[in-house]
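Peer 1: One letter stands for each residue in the lines below.
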Amino acid sequence: MRPYLSIFKMNFKGELQYRGKAISGVMTQVFWGFLNIYLYIACLQNTSVDGFSISQMASYIWLGQAFFAIRFIMMGKKIGKNIENGNICYHFVRPLNIYSQWFCQTFGEKLSSVLLRFPPIIILGLLLPAGLGLSLPVSVPAFLLFLIGLILGLCMSVTISMFAVYLTFKTLSKRGSSSIVNTITGLFSGMVIPLPLMPQAIQNVVNYLPFRFITDLPFRIYIGNVGITEGAIFLAIGFAWLIVLIIIGKLLIRSALKKTVIQGG
Amino acid sequence: MLYAKYLKMHLRSSMQYRFNTTFISITQVLVSVGEVLSVWMLFGTFTSIGGYGFYECLLLMGITFAVFSLSECFACGYDEFSDLIRSGDFDRILIRPVNINYQILASKFDLVKLPRVALGLTISIIALVNLNIEWDVLKVLVFISTIISGTMIVIGIFIISAGISIYTIEQLEFVNILTHGSKEIAYYPINIYAKWLTRIFTFVIPVACFNYLPLSFLLGIGNIPMWLCGLAPVFGMLFIIPCLLFFNFSLKKYKSSGS
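As you go down the protein sequences, you meet chains A and B in turn. Each position in the first sequence, counted from 1, maps to that position plus 512 in my numbering. Each position in the second sequence, counted from 1, maps to that position plus 5 in my numbering.
There could be a bad hint or two in this list.
To give an idea of the chain A side of the interface with chain B (calculated C-beta under 10 Å), a few residues [what the hints assert, rightly or not]:
id	residue
1	544
2	647
3	648
4	650
5	651
6	681
7	684
8	690
9	708
10	710
11	716
Pairs of lysine to any residue residues, derived as SDA-like cross-links and limited to a Cα-Cα distance of at most 25 Å, are as follows [claimed, not checked]:
id	chain 1	residue 1	chain 2	residue 2
12	A	593	B	188
13	A	593	B	19
14	B	188	A	553
15	A	686	B	184
16	B	13	B	38
17	A	590	B	177
18	A	593	B	36
19	B	260	A	513
20	A	589	B	27
21	A	686	B	179
22	B	188	A	543
23	B	188	A	536
24	B	188	A	756
25	B	200	A	558
26	B	113	A	687
27	A	593	B	181
28	B	113	A	639
29	A	589	A	605
30	A	593	B	122
31	B	188	B	260
32	A	686	B	177
33	A	771	B	177
34	A	682	B	20
35	A	686	B	35
36	A	533	B	260
37	A	533	B	81
38	A	686	B	260
39	A	686	B	19
40	B	200	A	640
Because the hints were derived from the structure by calculation, they are not lab data. Glycine residues also receive a C-beta, built at the ideal position from the N, C-alpha and C atoms.
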C-alpha cells in the first residue's frame, strides 16, 4: 500500500504547484456558470419542471462549476504522454500493479485540483442572490449524504478516466481517446445538461448508468431533488458500479499489456 | 504558390499517420453529435428557448460548428500560437523574408476539423429546409456572408488570444473565455443572456453578427431593423482589423523564450 500512497502524494503535491492555473481556471468556471444559468433560466421561464425550480437549478450549476475537476475526465498528465512516447516501459519495470499506479496518479492530481478550485466558487455562489446563486443544502442528513456522494463521484471519475487510458493504449491517440470518453461522460453525467431537464424516458435509463454517479446524484441530494432514502439506495448502486468498473478496467488493462509494443522513445 | 505548398506538405504529413488522423476526425464528429443530442434532449422537455424552436437552434449550432471548425483548421497557427512561442519556432519565422502573418497561417493546418465543417453545413441545411423560409437572392447572400463573417470573427478571436500569449507565454485558461466562451454563446440565441453579456458579445466580440442578427433577417423575426440585421455579417467582418492591429503591436514587444 505504501508505494501507492507515495505516488498519490507526489502527484497531489505536484498539482498544488499550479496555483496560477487554478485562479485562471476558477475565472473560466464562473463565466461558464453564468452562461449555463442564463440558458436554463430561459428554458425554465415558460415550462416548469417538477422538483427542479430555477433556484435549485442555479445551485446545481454552481456545484457543478465548483467540482468541475471531478466531472472532467482527464487521465494523469504524464500517463497519456508516456504511452505516446514510450516512457511507459518505466512503469512496467516497477514491482507494482500498473492499474493501481495510474489510478493513484490520477486520483492525486484530481483531488488537489478539486481542493484548489472549489472554495472560491462555493463562496461566490453563496453570495449571489437566490435564483442566481447557490442555496444551502436542504437538510443536515442530505448534506452528509452529499459528502459521501462526492467521494463516490471522485472515485468514479478516476475509474472512468482509466478507460480513456485503455483507449489511448489501444489507439496511441491521447487526444482522440480523451475526447470520446469525455463526450459520453459529459452527456450522461449531467455536465452538458442537468439530468432533471432531460425527457423522462431518457432519464429512466440514464439514472442507472454509472456516469450519473460522478456528480449528478450528490448534487440532486444537496438540492433536495432526490430524497434521503432514495439517495441512499442510489449511492449503494453507485458503489456496486464502482467495483464492477474497477474490475473491468483492471482486466482490460491486463489484456492490453499482453500485446504491448513500446514506441521507441 | 507558397501557401498551397505548405498545405500539401501538412496534408502529406498527416496522411503518414492515417489511423491517428482518421480516429481523431471521427471523435471530433462524435463530439459534435453529442452536442446536437444535448439540444435535441433539451427540446424534448422544452418547446422554446428564448423564442427559438428546435430547428432555429439547430441552425445556430450548424453555423457555429462550420465557422469554428473552418477557423480551427485554417487559423490553427494563431489558435496554438503559444506553442510556437514556447518551442522557440517563432524565432525561425521571424528571420524568414516572408510576411509574418502569412507564415503563421501556413505554419499549421488542423485537417481533422474538416469533417466537422461538413457536418456543420449539413446540419445547417437540414435546419434551413425544415424552417419554411421564403428564399430570395438577398437571403442566400446573407446566409453565405454569415458563414464567411463568422469564420473571420473567430479567426479574429484567435488572433487576439495569440496576441495575449505574447505577453503571458503560457496560454492561460481564462483566454478560453474568449474562444470557447464565444462558441458556447453562439450555440443558443444570444438574447437569452443577461444584458451585459449580450452587449459584450455584440459590440466587443461580435458573436451576434453570425448568430442572432442574421438569423432574425432570415426568419423575419425580432424588433431590430431588418436592414441592420442583414448587414450585420458585413460589420462583423471588420472585427478582424483591430485584431490584426493589436497582434502586430504586440509583436513589437516580443521577447524570445530562448528555448
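Peer 1: Please go over all the hints and tell whether each is borne out by the structure.
Peer 2: Consistency of the hints with the structure:
1. 544: Residue 544(A) check passes; min Cβ-Cβ to chain B is 7 Å, inside 10 Å.
2. 647: Hint violated; residue 647(A) Cβ to chain B Cβ min 20 Å, cut 10 Å.
3. 648: 24 Å, violated
4. 650: 23 Å, violated
5. 651: 27 Å, violated
6. 681: 13 Å, violated
7. 684: Constraint on residue 684(A) satisfied, holds at 7 Å.
8. 690: 9 Å, holds
9. 708: Where the cut-off is 10 Å and the nearest Cβ of chain B is about 9 Å from residue 708(A), the hint holds.
10. 710: 5 Å, holds
11. 716: For residue 716(A), the interface hint is violated, since the closest Cβ of chain B sits about 13 Å away, which is over 10 Å.
12. 593(A) / 188(B): 28 Å, violated
13. 593(A) / 19(B): With a Cα-Cα distance of about 19 Å, the restraint between residue 593(A) and residue 19(B) holds, given a limit of 25 Å.
14. 188(B) / 553(A): Given that 25 Å is the threshold and the Cα spacing comes to 19 Å, the pair holds.
15. 686(A) / 184(B): 22 Å, holds
16. 13(B) / 38(B): Roughly 29 Å separates the two Cα atoms, so the pair is violated.
17. 590(A) / 177(B): Holds, at about 20 Å.
18. 593(A) / 36(B): 22 Å, holds
19. 260(B) / 513(A): It is violated: about 48 Å lies between the C-alpha atoms, which goes past 25 Å.
20. 589(A) / 27(B): The given pair, whose Cα atoms are some 24 Å apart, holds under the 25 Å limit.
21. 686(A) / 179(B): 23 Å, holds
22. 188(B) / 543(A): 13 Å, holds
23. 188(B) / 536(A): 19 Å, holds
24. 188(B) / 756(A): 37 Å, violated
25. 200(B) / 558(A): Holds - the C-alpha atoms of residue 558(A) and residue 200(B) are around 19 Å apart, at most 25 Å.
26. 113(B) / 687(A): 17 Å, holds
27. 593(A) / 181(B): 23 Å, holds
28. 113(B) / 639(A): 45 Å, violated
29. 589(A) / 605(A): Roughly 20 Å separates the two Cα atoms, so the pair holds.
30. 593(A) / 122(B): 29 Å, violated
31. 188(B) / 260(B): 31 Å, violated
32. 686(A) / 177(B): Holds. Residue 686(A) to residue 177(B) sits at ~21 Å (cutoff 25 Å).
33. 771(A) / 177(B): 39 Å, violated
34. 682(A) / 20(B): 19 Å, holds
35. 686(A) / 35(B): 16 Å, holds
36. 533(A) / 260(B): 22 Å, holds
37. 533(A) / 81(B): Holds: residue 533(A) and residue 81(B) sit about 23 Å apart, inside 25 Å.
38. 686(A) / 260(B): Judged against 25 Å, a Cα distance of about 32 Å means the pair is violated.
39. 686(A) / 19(B): Distance ~16 Å between residue 686(A) and residue 19(B) Cα, so the pair holds.
40. 200(B) / 640(A): Answer holds: residue 200(B) to residue 640(A) is near 17 Å, not above 25 Å.
In summary, the structure is inconsistent with hints 2, 3, 4, 5, 6, 11, 12, 16, 19, 24, 28, 30, 31, 33, 38 from the numbered list given earlier, while agreeing with the others.
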